[in-house]
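Residue numbers (this note's numbering), protein chains in the order written: chain A, 1 to 458; chain B, 1 to 271.
No lab work stands behind these hints: they were computed from the structure.
A couple of the hints might just be wrong.
Stretch by stretch, here's where chain A covers chain B in the computed footprint (C-beta under 8 Å, at least three residues) [unchecked claim]:
{"#": "1", "stretch": "102 to 108"}
{"#": "2", "stretch": "241 to 250"}
To give an idea of the chain B side of the interface with chain A (calculated C-beta under 10 Å), a few residues [to be verified]:
{"#": "3", "residue": "Arg38"}
{"#": "4", "residue": "Ile39"}
{"#": "5", "residue": "Ser47"}
{"#": "6", "residue": "Gln98"}
{"#": "7", "residue": "Pro202"}
Label pairs and their in silico Cβ distance ranges [claimed, not checked]:
{"#": "8", "chain 1": "A", "residue 1": "Asp168", "chain 2": "B", "residue 2": "Asp55", "range": "21 to 27 Å"}
{"#": "9", "chain 1": "B", "residue 1": "Gly214", "chain 2": "A", "residue 2": "Gly154", "range": "56 to 62 Å"}
{"#": "10", "chain 1": "B", "residue 1": "Asp237", "chain 2": "A", "residue 2": "Arg129", "range": "49 to 55 Å"}
Positions of the beta carbon are idealized from the N, C-alpha and C atoms, including for glycine.
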Amino acid sequence: MYSATIGTSRYAFPDLKTLLAKASPARSGDALAGIAAASGEERVAAQFALADLPLGRFLNECVIPYETDEVTRLIVDTHDAAAFSPIAHMTVGELRDWLLSDVPTVDALARIAPGVTPEMAAAVSKISRVQDLLLIAAKCCVVTRFRNTIGLPGRLSVRLQPNHPTDDARGIAASILDGLLLGAGDAVIGINPATDSPERAHALLEMLDEIRLKLDIPTQGCVLAHVTTTLALLAKGAPVDIVFQSIAGTAAANRSFGIDLALLDEARTAALSLRRGTVGDNVMYFETGQGSALSANAHHGADQQTLEARAYAVARRFKPLLVNTVVGFIGPEYLFDAKQIIRAGIEDHFCGKLMGVPMGVDVCHTNHAEADQDDMDTLLTLLVSSGVNFVMGVPGADDVMLGYQSTSFHDALAMRDLFNRRPAPEFEAWLQRQGLMDGANRIRPLAMPGQFCALLPA
Amino acid sequence: MRNDPPPNDTPAAPQPQPISGGTAPDVWANLRQLTAARIGLARSGASLATRPVLDMRLAHARARDAVHERLDEAKLLNDLGHLGLPVLTVSSAVHDRQHYLMRPDLGRQLAADGELILVSQRDGGHDVVFVVADGLSARAVQQHARPVLAEVIPTLRSESWQLAPLIIVRNGRVAIGDAIAARLGVGIVVALIGERPGLSSPDSMGAYLTWRPGPQTLDADRNCISNIRPEGVGYADAAFKLTHMLRAIRSHRMSGVRLKDDSDRPLLGER
Numbered sequence: 001m002y003s004a005t006i007g008t009s010r011y012a013f014p015d016l017k018t019l020l021a022k023a024s025p026a027r028s029g030d031a032l033a034g035i036a037a038a039s040g041e042e043r044v045a046a047q048f049a050l051a052d053l054p055l056g057r058f059l060n061e062c063v064i065p066y067e068t069d070e071v072t073r074l075i076v077d078t079h080d081a082a083a084f085s086p087i088a089h090m091t092v093g094e095l096r097d098w099l100l101s102d103v104p105t106v107d108a109l110a111r112i113a114p115g116v117t118p119e120m121a122a123a124v125s126k127i128s129r130v131q132d133l134l135l136i137a138a139k140c141c142v143v144t145r146f147r148n149t150i151g152l153p154g155r156l157s158v159r160l161q162p163n164h165p166t167d168d169a170r171g172i173a174a175s176i177l178d179g180l181l182l183g184a185g186d187a188v189i190g191i192n193p194a195t196d197s198p199e200r201a202h203a204l205l206e207m208l209d210e211i212r213l214k215l216d217i218p219t220q221g222c223v224l225a226h227v228t229t230t231l232a233l234l235a236k237g238a239p240v241d242i243v244f245q246s247i248a249g250t251a252a253a254n255r256s257f258g259i260d261l262a263l264l265d266e267a268r269t270a271a272l273s274l275r276r277g278t279v280g281d282n283v284m285y286f287e288t289g290q291g292s293a294l295s296a297n298a299h300h301g302a303d304q305q306t307l308e309a310r311a312y313a314v315a316r317r318f319k320p321l322l323v324n325t326v327v328g329f330i331g332p333e334y335l336f337d338a339k340q341i342i343r344a345g346i347e348d349h350f351c352g353k354l355m356g357v358p359m360g361v362d363v364c365h366t367n368h369a370e371a372d373q374d375d376m377d378t379l380l381t382l383l384v385s386s387g388v389n390f391v392m393g394v395p396g397a398d399d400v401m402l403g404y405q406s407t408s409f410h411d412a413l414a415m416r417d418l419f420n421r422r423p424a425p426e427f428e429a430w431l432q433r434q435g436l437m438d439g440a441n442r443i444r445p446l447a448m449p450g451q452f453c454a455l456l457p458a
Numbered sequence: 001m002r003n004d005p006p007p008n009d010t011p012a013a014p015q016p017q018p019i020s021g022g023t024a025p026d027v028w029a030n031l032r033q034l035t036a037a038r039i040g041l042a043r044s045g046a047s048l049a050t051r052p053v054l055d056m057r058l059a060h061a062r063a064r065d066a067v068h069e070r071l072d073e074a075k076l077l078n079d080l081g082h083l084g085l086p087v088l089t090v091s092s093a094v095h096d097r098q099h100y101l102m103r104p105d106l107g108r109q110l111a112a113d114g115e116l117i118l119v120s121q122r123d124g125g126h127d128v129v130f131v132v133a134d135g136l137s138a139r140a141v142q143q144h145a146r147p148v149l150a151e152v153i154p155t156l157r158s159e160s161w162q163l164a165p166l167i168i169v170r171n172g173r174v175a176i177g178d179a180i181a182a183r184l185g186v187g188i189v190v191a192l193i194g195e196r197p198g199l200s201s202p203d204s205m206g207a208y209l210t211w212r213p214g215p216q217t218l219d220a221d222r223n224c225i226s227n228i229r230p231e232g233v234g235y236a237d238a239a240f241k242l243t244h245m246l247r248a249i250r251s252h253r254m255s256g257v258r259l260k261d262d263s264d265r266p267l268l269g270e271r
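Take these sequences, add in the hints, and give me the full structure.
Right under this line is the structure:
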């Protein structure tokens with residue numbers, strides 16, 4: 001039982017799960033689930049109670065039962081007590097204050113990451129303002145490698161997302177060409193396939209590999225098929241660089257995705273066995289998003305932001321190259337408007353980075369959410385200011401297959417200019433060699449490099 | 001922060017250039033034949049030129065307008081009234097569009113007066129009920145429901161199907177059809193509903209077919225025809241698929257993914 005007294009009103013919260021839910025900033029998804037605070041005062045009362053909670057409490061009370069949820073077992077069983085020891089004596093509020101102080105170094109933050117559980121990270125985020133989340137995340141550095149190096153200070157990488165409604169190879173190649181010319185693709189060239197066809201996914205993997213080899217691009221390709229599809233293709237000898245899967249923060253939600261931890265482990269082992277990485281062996285790519293557990297009716301009464309942080313515990317287990325929260329894709333019943341989408345994107349980036357996860361954000365919205373490109377500009381700018389590892393690059397921000405609006409190649413370029421962020425170093429050198437950068441080190445394609453003509457359809 | 005002016009800055013207005021500046025302009029014209037993606041957009045510095053910025057705003061504005069447009073019930077009632085079936089109008093438990101967007105659960109439930117209207121129409125002899133709901137694009141059903149039904153209804157009648165009254169639903173989700181079928185005591189429901197508007201398709205209608213719908217019905221228990229509009233799946237094609245699926249649902253006494261395998265194949269073969 002937790003409680004806080006505000007004036008003459010005493011607010012009681014029967015368990016940690018309820019306390020976290022009531023303390024969460026307003027979210028349409030939590031209201032839909034019937035777990036949100038009933039009033040503004042109750043929300044802040046919960047935040048007061050949460051701020052006074054000793055971090056050790058999170059190790060003794062599970063939000064979702066240990067016995068029935070393998071994500072909880074993962075969180076508890078892999079908790080690193082030594083990493084936790086520097087903050088073990090703190091409350092949630094004291095941890096926030098310490099993170100914002102000038103005391104912790106980048107290295108110190110990296111060292112405590114394995115001791116930070118998702119519920120602790122979520123708790124800190126709930127009592128923090130947006131600027132706190134930006135400042136703390138900016139101090140966290142999570143670097144990953146496969147054929148290039150992603151997440152270094154001063155860098156911003158881009159996933160080139162060249163989707164096509166019928167997976168037409170030439171249409172996809174046209175979008176890849178556009179993106180490469182504009183300096184996108186250092187995080188990954190990643191295609192969401194329009195169908196579940198393994199044959200199609202195989203053909204797309206072959207095409208991506210051919211483009212990469214032809215142009216000698218220091219990056220990785222990915223077809224974002226279901227992990228079981230990728231595993232089967234990998235066994236058939238398909239050129240799989242990194243393995244994609246959508247993941248969530250409860251075992252039941254993961255089951256609804258057709259996965260469990262053992263399957264992800266099998267996929268990682270298989271991808272590692274190919275030894276296709278040249279500068280590192282981060283071989284997994286995960287996508288997440290607040291509300292996914294509720295939409296699968298697998299939320300156990302926990303709030304969507306806490307569950308999202310739990311998905312990062314799943315991700316962290318498998319040493320991913322990229323983790324991407326697709327923040328506005330789910331729709332207004334979970335994140336109603338730009339205010340909720342923006343706050344959620346910043347929370348996700350913060351929680352992931354604090355937990356040592358290489359976070360990128362798909363800054364996006366659907367047409368039925370109360371949001372537009374100005375709002376996406378705001379979120380994108382805040383995230384880049386805070387050191388997000390990567391963002392999406394979609395032609396003209398309009399994904400013609402998935403039917404939502406993300407960020408464009410030009411958006412990423414504008415952010416690189418505004419904050420002087422450069423691509424991954426190996427990729428930047430490649431852009432230089434292609435003559436796609438000007439004298440001031442800006443990406444400014446003026447002519448189609450001769451090699452690129454190989455991508456043009458005959 | 002970069003504050004220094006770009007090296008070629010001159011008082012003259014900069015000319016936006018295609019990103020492939022030095023290449024032949026028809027490279028992009030040719031590539032655009034291969035994809036609807038917004039490739040090769042004119043650029044100024046790092047940013048898009050004015051024209052593509054406004055093009056994007058226009059597409060988004062149209063999609064937004066479609067989401068918030070109210071269903072013109074009087075007009076739809078009149079349009080559907082010519083199809084030879086009684087037409088009734090009910091509302092979901094949602095009270096306005098904003099409420100609709102935030103509470104999908106209430107968009108699946110009938111308002112109290114709707115329950116009464118439907119129960120009074122109950123007649124054990126109907127085979128199928130068509131439900132026309134605004135969903136996320138009222139414009140879609142406003143434009144496409146009548147032409148599709150005008151082809152489907154005579155065909156079904158000629159095959160001796162007993163058709164329940166047409167039901168128009170304000171602020172409805174797909175599953176409100178389940179509640180309607182249950183009140184009317186009908187075994188098959190077809191929900192024609194406005195789909196989530198895309199940038200290039202603000203008026204796309206979906207048709208969801210469900211056998212013996214009820215509270216336990218899952219999405220996997222439904223068959224769907226998506227993207228019904230003249231630029232997508234045209235009226236004649238949609239009507240053909242719809243009647244074909246209805247026959248299959250009735251003869252197999254099931255709907256959903258289990259039905260798909262033996263209904264899609266002949267569907268393609270017969271055309």
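Verification of the hints:
no.: 1; hint: 102 to 108; in the structure: holds (count 4)
no.: 2; hint: 241 to 250; in the structure: violated (count 0)
no.: 3; hint: Arg38; in the structure: holds, 3 Å
no.: 4; hint: Ile39; in the structure: holds, 4 Å
no.: 5; hint: Ser47; in the structure: holds, 6 Å
no.: 6; hint: Gln98; in the structure: holds, 9 Å
no.: 7; hint: Pro202; in the structure: holds, 8 Å
no.: 8; hint: Asp168/A / Asp55/B: 21 to 27 Å; in the structure: holds, 23 Å
no.: 9; hint: Gly214/B / Gly154/A: 56 to 62 Å; in the structure: holds, 58 Å
no.: 10; hint: Asp237/B / Arg129/A: 49 to 55 Å; in the structure: holds, 54 Å
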